[in-house]
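Top to bottom, those sequences are chains A, B and C. Numbering-wise, the numbering used here comes out as the position in the first sequence, counting from 1, plus 688. Numbering-wise, the numbering used here comes out as the position in the second sequence, counting from 1, plus 36. Numbering-wise, the numbering used here comes out as the position in the third sequence, counting from 1, plus 68.
Hint data in this document are derived by calculation from the structure and do not stem from the laboratory. Do not take every clue at face value.
[Unchecked claim] The calculated DSSO-like cross-link candidates involving lysine-lysine, where the alpha carbons are at most 27 Å apart (straight line), are: (1) A:K935 / C:K223; (2) C:K435 / B:K292; (3) C:K187 / C:K124; (4) C:K126 / C:K187.
Nothing here was measured: the structure is a model prediction, and the numbers come from that model.
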Amino acid sequence: MLVYLIRRLVNVAVLLLVVSAITFGIFFMVPKLTGSDPALLYVGKIADKAAVEGIRHKMGLDKSIAEQYFLFLKGLFVGRDYSQGTDVTHCSAPCFGYSFKTEQEVWPLLLDRLPVTLSLASGASVIWLVVGTGTGIVSALRRRSVLDRATMVTALAGVSLPIYFTGLLALSIFVNTLGWLPNNYVNFTDDPVEWARNLILPWITLAFLYAATYARLTRATLLEVLGEDYIRTARAKGLKENKVIGKHALRSTMTPILTVFGLDIGALIGGAVLTEKTFDLRGLGYEAVQAISQSDLPVILGVTLFAAFFVIMANLVVDLLYAVVDPRVRLG
Amino acid sequence: MTIPQQTTAEGAEPLLKVSGLVKHFPITKGVLRRQVGAVKAVDGLDFEVMPGETLGVVGESGCGKSTMGRLITRLLEPTGGKIEFEGRDITHLGTSAMRPRRRDVQMIFQDPYSSLNPRHTVGTIVSAPFRLQKVETEHGTKKAVQDLLELVGLSPEHYNRYPHEFSGGQRQRIGIARALALKPKLVVADEPVSALDVSIQAQVVNLLDDLQSELGLTYVIIAHDLSVIRHVSDRIAVMYLGKIVEIADRESLYGKPMHPYTTALMSAVPVPDPKRRTQRKRILLTGDVPSPISPPSGCRFHTRCWKATEVCRTVEPPLIALTPAAGHRVACHHPENAPDQAPGETSATAATGGKSVESA
Amino acid sequence: MSKLTKTSAAADMEPTEERPTDAPSEFLSVRDLKVHFPTDDGVVKSVDGLSFTLEKGKTLGIVGESGSGKSVTSLSILGLHRVGSNRSRNARISGEVWLDGEELISADAARVRDLRGQKMAMIFQDPLTAMHPFFSVGQQIIEAYRVHHPSASKKEARKRTIEMLDRVGIPQPDRRVDDYPHQFSGGMRQRAMIAMALVNDPSLLIADEPTTALDVTVQAQILDLIRDLQKEFGSAVIIITHDLGVVAELADDILVMYGGRCIERGPSETIFEQPQHPYTWGLLGSMPRLDRERTDRLNPVKGSPPSLINLPSGCAFHPRCPYTDLTEGASQTVVPELREVGSRHLAACHLGKADRERIWTEEIAPKL
């Protein structure tokens, strides 16, 4: 198990390196090929040539791509110095560089945005897990009942309606028209109640979409599991129905849900772009959109790597949980 | 099944000749796909199939009989050894070089449910070989297919129906019609009746029998059921853990089995005669077949054999003829119904794996 | 829900209001059991009027092809016929199943559940799919024990489990108890299933194709084990199979099912030596036998098993029967009753006694 874990962690490191190289390549090479100049983005269009050259040198943009990438990695692990003559700026590890636009360090920026995204993702995921799997289970157990049909129609709507539609609708009803809910992000540490009150709408909107998928997945998986021979065996032992479902059937239903959940949560921490944009939550997704529209390369690179890290880690956690749940994985 | 006399005359060329056939499936581990071992599914087979005869191959799960079937039809690439069909080496022929041979060697599969494409009509399924081999038929493909359907006992009107409209037995007939489309010389049938109901099994067995005498087919029939194998085969090979332990003609094998494994297999078959259950002497093997990843040393059966001695653990017995009986070969140091090959060995070291018991 | 279906089922089929209040003397008595499944295509009459009895210490073999209703019979005795596919939820069941003086069809669902796994237990065909892949073999057997021994501690249950694993011939049971099903071989898994079924000392054991998924040498071991355990525990055993060889090894009595009905029933030796139904003849003629001289041809039944939605009129077997001409049309129109044809021997066939005996001795027996 330990060997497995170490091997997986090495894999994660290799994968992140590859992702960083590709992202770096795309975002630093493409401007070069298209003729736009990153250095110009720093200083602005009106700057004089000397200032541009100075920035180019300070940022290391005059070096080859390989060297720049090496410097970037060095920055990530040990920090790096940006120097222009005597003007030395130290950027300590992990250094993602400086935003072209705001000239802020990228790393603190990411850390600043992360709690918003985490708040959104954690709350929404709890809701959709409970609601989605719950309705899925009920649907499967009461198959073809009115409840089942209603749930599945709702789920279909949930899957099909885009978030900027449901989100804006919810905003206009509950915030703008009825005024029941505020829509300003408050830190959890500042005021948990306000935090939740402000996030409840984005949570529900986002969870609606996911809950729909989870309800359908849970229902389909549980129905399949209920047809398995070992469920018949469990009943033949004389187990009560709630134990047959709760212990034997749900345990098997969990595995596919776990897989999908891992992928979803990883992707979501990487940035729920539409939800954050719709509700004006300044999270990672919001920042990503912002950075892309402004060609703010270091920020784009930072967000991408950050997102990749979460997706990969979520996958790792899922695989490990899989091994915990399924002895066939654990014991070969 | 009956052997047309002229084809089994002495000195006739075998249709299929297999020598030293080996298939190992590698087991890999880690990122680098480093090979850490191999499933030795087929580990050195030598046999011949004469034109017009039926060779039955019998053994328990994991003995490599299905892998053998897929090797001789070249659905799998052999790891080693040689397969000759009509004197030509086909061991490593590529897909395109093999294509013309595919006409001569066809396969019937066990599961009539999964081996037919549910989206294709019977006509499409059975005519597929014509299309793939670009064969022109005299009165058109449709007529040819309808003739085939009639040949296997289906109605020509079934041409436009889909597999799900048929019962298991009928589906197996469709599979047989497809296999026979190009008038193959050799048909390899892997458990052709084991998925079918008892009464349907017998119908299909009879059909295979009729087709053989009508079309002069040569069969290799792979099955786990010893009664079915005895009924359909002229010669029988018994496999255990990737090796043939005994091969002989039907009368000789069932009448005077030599390998203890063969004896045990036969005595394990339940007999549909309630009176006999009190009198029968049964050899009850204990334990399961060992893993083909690390088969036992020496004779692979020694871990379950009640006659095993020290020599069995260390020396692998060759597959040889021990008696004048033509073509009866066995790989055993202490055979039944034949002189002991390693006399003087005491069975003090015998494995406790097997025991002979009076069935109560 | 069960109450509702029961009344509607009773209304749908013949009136069953008049239940005999006196319990039968036999240990297990099934009377006129019917299990019907309504589907979109029509009512599937899986079991349609089945009756039999079984004493403790005896083994009944139920023989039939796929779709003969043999598995549904066993599931409905345990009250498990609603389990599985969705259509089974609307199953309609009628008739009586008396187990040791207690009627189960009309009994409370909780009562039947309480008997399940305790007084009556079942072994299934494929031990790999019949065990939960995520729980260890031990956990699953311990669970089976503790359901019916709630006061037993985990430690006691584990001890009992190890004893049972040892009894069914699993080597090093104290170590293997913690293994998962996938770490067992096919034969070992079936042994573990048997241990699970017997852990509560059931007096009725139903084995549904217990050896079909196993190799022949392992099959022999399992059949021996079942026989030994029955002798030891004295339970009544129903063995369900398509393999006449397997029933011949184990069964005292044999019941042959066709199209959801019993077409012949009697002591094993009689069924094999003097079968009276053409379908039984067909089954015997279909199987190649190692204990006889090899015959040139098998004598199978023509055609395929019938659809349970649309059973042929009259005798369900008549479209496949070579002797319908001898019944003067009765087999096409009249459902044959099970009639006494010998000592403890029943058959449902329109053929006259003389015809049956002549056909068996002259046409069938010599070809076997």
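Structure-based check of each hint:
Our distance criterion of 27 Å between C-alpha atoms is met by K935 (chain A) and K223 (chain C), whose separation comes to about 21 Å. Restraint check: the Cα-Cα separation between K435 (chain C) and K292 (chain B) comes to about 24 Å, which is no more than 27 Å; the hinted pair holds. Of the pairs offered as hints, the one joining K187 (chain C) and K124 (chain C) holds, with about 12 Å between alpha carbons and a cut-off of 27 Å not exceeded. The suggested pairing of K126 (chain C) with K187 (chain C) holds, with an alpha-carbon distance near 16 Å, which does not exceed 27 Å.
Hint compliance for this structure: no hint is broken.
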